[in-house]
Amino acid sequence: ERQYSVAGFLASFPAFDPHYQVLLSRGKVPWGYLSVQHTANTTRTFMDTASVTDENDQHVGTHGASTSSTVYDLTNATIYLEKNWGGSFPKKWFWIQANTFRSFSSSAGLPYLDLCVTSTGGLRRLPFLNEQEEEVALIALHWNGKFLPFPEVNYSIQWGHWTVRGVYGDYIVELEGSCQEKGFPVNCPTSRGMEEIALETFRGKLRVKLFEKSSKKVV
360 ERQYSVAGFL ASFPAFDPHY QVLLSRGKVP WGYLSVQHTA NTTRTFMDTA
410 SVTDENDQHV GTHGASTSST VYDLTNATIY LEKNWGGSFP KKWFWIQANT
460 FRSFSSSAGL PYLDLCVTST GGLRRLPFLN EQEEEVALIA LHWNGKFLPF
510 PEVNYSIQWG HWTVRGVYGD YIVELEGSCQ EKGFPVNCPT SRGMEEIALE
560 TFRGKLRVKL FEKSSKKVV
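Heads up: the sequence shown is residues 360 to 578, going by the numbering used here.
Warning: the hint list may mix true and false statements.
In silico DSS-like pairs for lysine-lysine, Cα to Cα no more than 25 Å straight-line [claimed, not checked]:
#1 K387 <-> K442
#2 K541 <-> K451
#3 K576 <-> K564
#4 K505 <-> K568
#5 K505 <-> K564
#6 K505 <-> K575
#7 K505 <-> K572
Because the hints were derived from the structure by calculation, they are not lab data.
None of the values given here were measured: they were computed from a predicted structure.
Work the whole structure out from these sequences, hints included.
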């Protein structure tokens with residue numbers, strides 16, 4: 360199938376980096392768990408379960424006094440994978456990803472919708488053009504076995520509120536994201552090395568509206 364990029368066909372050339380690709384959307388974890396150890400010195404410590412448990416599932420090999428632990432079962436959990444590569448990094452960008460949407464329709468029969476949304480965009484440097492920049496963006500929607508890429512995108516974003524709108528064929532999609540918290544800093548590559556120049560949150564809310572242009576009907 361045809362692949363879509365945030366920058367169109369130019370993204371296939373090495374000079375037009377950074378490159379971005381979704382590897383897996385709405386995949387499933389066959390088996391796994393996450394053990395969170397609560398110690399006297401640290402409120403929450405995330406650890407590799409293979410290195411902190413023995414055959415009797417007893418806590419071993421850590422520093423400090425372990426007071427309690429919480430185990431999260433990841434079996435059949437939904438998973439999403441992507442990758443970024445290249446010799447440069449956007450000066451500004453946004454990234455939205457969600458794959459767990461509750462069904463608000465009683466006729467759906469399932470607690471969650473078969474829906475996965477990825478949207479990203481930013482300022483990308485253009486090579487050979489006196490360091491000029493361009494805005495690129497894309498919305499990728501996996502819905503009920505269909506893949507809907509939206510290469511025509513406009514957006515209005517600020518921390519705490521994100522509005523992204525895309526057009527593809529007979530479909531129009533609108534994303535409305537919001538969060539109340541300030542977010543936490545993320546290390547990103549810069550010309551000066553890794554610096555905390557971005558914010559991230561896992562506690563945001565995302566509302567997705569999908570329309571058919573021909574019928575003006577909400578899908």
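Exercise. Quick one, are K505 and K564 close enough, alpha carbons at most 25 Å?
Worked result: holds, 23 Å
For this session: Sort out whether K575 lies within 25 Å of K505, counting only the CA atoms.
Result: holds, 20 Å
Problem set entry | 25 Å Cα cutoff - pair K576, K564 | With a Cα-Cα distance of about 24 Å, the restraint between K576 and K564 holds, given a limit of 25 Å.
Problem set entry | Hint consistency between K505 and K572 [alpha-carbon to alpha-carbon, up to 25 Å] | Measuring from Cα to Cα gives roughly 17 Å; hence the hint holds.
For this session: Decide if the proposed pair is consistent with the structure: K387 and K442, CA atoms, cutoff 25 Å inclusive.
Result: Holds, at roughly 18 Å.
Exercise. Does the alpha-carbon distance linking K505 and K568 stay inside the 25 Å limit?
Worked result: The hint holds at about 16 Å.
For this session: Take a quick look at whether K541 and K451 sit within 25 Å of each other, Cα to Cα.
Result: Given pair K541, K451 holds - Cα atoms ~18 Å apart, limit 25 Å.
In this structure, every one of the numbered hints holds.
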